[in-house]
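Enquirer: Protein sequences, first through last, are from chains A and B.
Counting from 1, one number per residue, gives the positions in the first sequence under our numbering.
Counting from 1, one number per residue, gives the positions in the second sequence under our numbering.
No lab work stands behind these hints: they were computed from the structure.
Note that the coordinates shown come from a computational prediction; the quantities given were computed from them, not determined experimentally.
A couple of the hints might just be wrong.
For identical chains, the list gives no copy identity; a pair is met inside one copy or between any two copies.
[Unchecked claim] Lysine to any residue pairs mimicking SDA-like chemistry, simulated, CA-CA at most 20 Å apart: (1) Lys93 x Arg82; (2) Lys97 x Pro111; (3) Lys97 x Gln11; (4) Lys93 x Leu110; (5) Lys93 x Gln11; (6) Lys64 x Asn15.
Number of protein chains: 2
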Amino acid sequence: MGRRYRGTGRQRRSNCPIACTLDLVGDRWSLLIVRDLLLGKTRFDEFLASEEGIATNILSSRLKVLENLGFVDRKGDDRDGRRVQYSLTTSGKLLGKLVQGIADWGLRNLPQTTLAPDGGK
Amino acid sequence: MGRRYRGTGRQRRSNCPIACTLDLVGDRWSLLIVRDLLLGKTRFDEFLASEEGIATNILSSRLKVLENLGFVDRKGDDRDGRRVQYSLTTSGKLLGKLVQGIADWGLRNLPQTTLAPDGGK
DNA sequence: CAGTATCCTGAAAGATACTG
DNA sequence: CAGTATCTTTCAGGATACTG
Numbered sequence: 001m002g003r004r005y006r007g008t009g010r011q012r013r014s015n016c017p018i019a020c021t022l023d024l025v026g027d028r029w030s031l032l033i034v035r036d037l038l039l040g041k042t043r044f045d046e047f048l049a050s051e052e053g054i055a056t057n058i059l060s061s062r063l064k065v066l067e068n069l070g071f072v073d074r075k076g077d078d079r080d081g082r083r084v085q086y087s088l089t090t091s092g093k094l095l096g097k098l099v100q101g102i103a104d105w106g107l108r109n110l111p112q113t114t115l116a117p118d119g120g121k
Numbered sequence: 001m002g003r004r005y006r007g008t009g010r011q012r013r014s015n016c017p018i019a020c021t022l023d024l025v026g027d028r029w030s031l032l033i034v035r036d037l038l039l040g041k042t043r044f045d046e047f048l049a050s051e052e053g054i055a056t057n058i059l060s061s062r063l064k065v066l067e068n069l070g071f072v073d074r075k076g077d078d079r080d081g082r083r084v085q086y087s088l089t090t091s092g093k094l095l096g097k098l099v100q101g102i103a104d105w106g107l108r109n110l111p112q113t114t115l116a117p118d119g120g121k
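Make the full structure from the sequences, and use the hints.
Expert: The structure is reproduced here in structure tokens:
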């Protein structure tokens with residue numbers, strides 16, 4: 001139950017908005033989860049199924065961080081633990097815009113990058 | 001003299017433009033160097049002086065990667081090793097646009113982030 | 001000034017087994 | 001289905017000394 005406000009738990013290196021963003025969500029997985037949410041995925045298993053292959057413990061941890069940061073909303077049907085749904089908050093959608101910017105840049109500037117052939121699922 | 005095309009040397013996890021971008025420049029330091037270049041810094045020592053405190057070996061390594069990726073140009077006065085100048089290539093400036101997008105997002109969405117008080121140097 | 005070369009450590013990630 | 005709990009590994013990053 002360790003209290004950690006920020007992202008991957010790193011210390012904030014400076015007040016630079018770029019450095020802070022990196023310290024918050026600049027890890028290997030967070031933005032890919034945001035991507036999946038943008039694509040309409042809502043469930044734990046769907047994130048797990050993405051081709052990059054995140055581990056369950058990492059996914060769980062990142063979802064909690066994103067929730068704590070106010071980017072992700074978790075709707076839990078808690079007595080039936082099988083209907084949990086994740087979605088982007090308003091704030092998370094703004095982060096999603098940034099993720100889309102990254103996608104746009106990647107598509108234009110990195111050879112052999114393509115949008116997911118599964119069309120979002 | 002190990003040959004590594006990509007960024008931090010990670011394997012490409014997928015063809016997703018977001019994942020590839022992260023694998024390429026999604027580490028703790030690369031985009032901060034791009035930031036410094038945007039701010040007009042050109043010399044090794046200037047990057048070292050940034051408040052986040054990058055180590056010499058990491059800086060050296062990242063500059064090489066960014067150069068190999070075509071984002072950074074190194075103008076070396078090689079017999080006088082004291083006049084090396086780094087700058088963004090055309091391609092690097094496009095990456096710079098992405099970095100600015102991150103800065104904008106950070107400024108709007110992360111409390112207590114501010115632009116560098118040193119005004120770019 | 002602009003790096004290289006080592007050594008070392010911690011934390012992030014990965015693998016796996018298990019649970020309500 | 002949606003996680004938790006461990007254990008292990010790796011490797012990116014940090015510290016430091018040295019060099020042309």
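Enquirer: Now tell me, hint by hint, if it's right for this structure.
Expert: Hints, one by one, checked against the model:
1. Lys93 x Arg82: Neither, since 25 Å and 47 Å both go past 20 Å.
2. Lys97 x Pro111: Answer is between: at 19 Å across copies they meet the 20 Å cutoff, but 22 Å inside does not.
3. Lys97 x Gln11: neither (25 Å within a copy, 26 Å between copies)
4. Lys93 x Leu110: between (25 Å within a copy, 14 Å between copies)
5. Lys93 x Gln11: neither (25 Å within a copy, 29 Å between copies)
6. Lys64 x Asn15: Answer is neither; intra-copy 24 Å and inter-copy 27 Å both fail.
Checked against the numbered hints given earlier, the structure breaks hints 1, 3, 5, 6 and satisfies all the rest.
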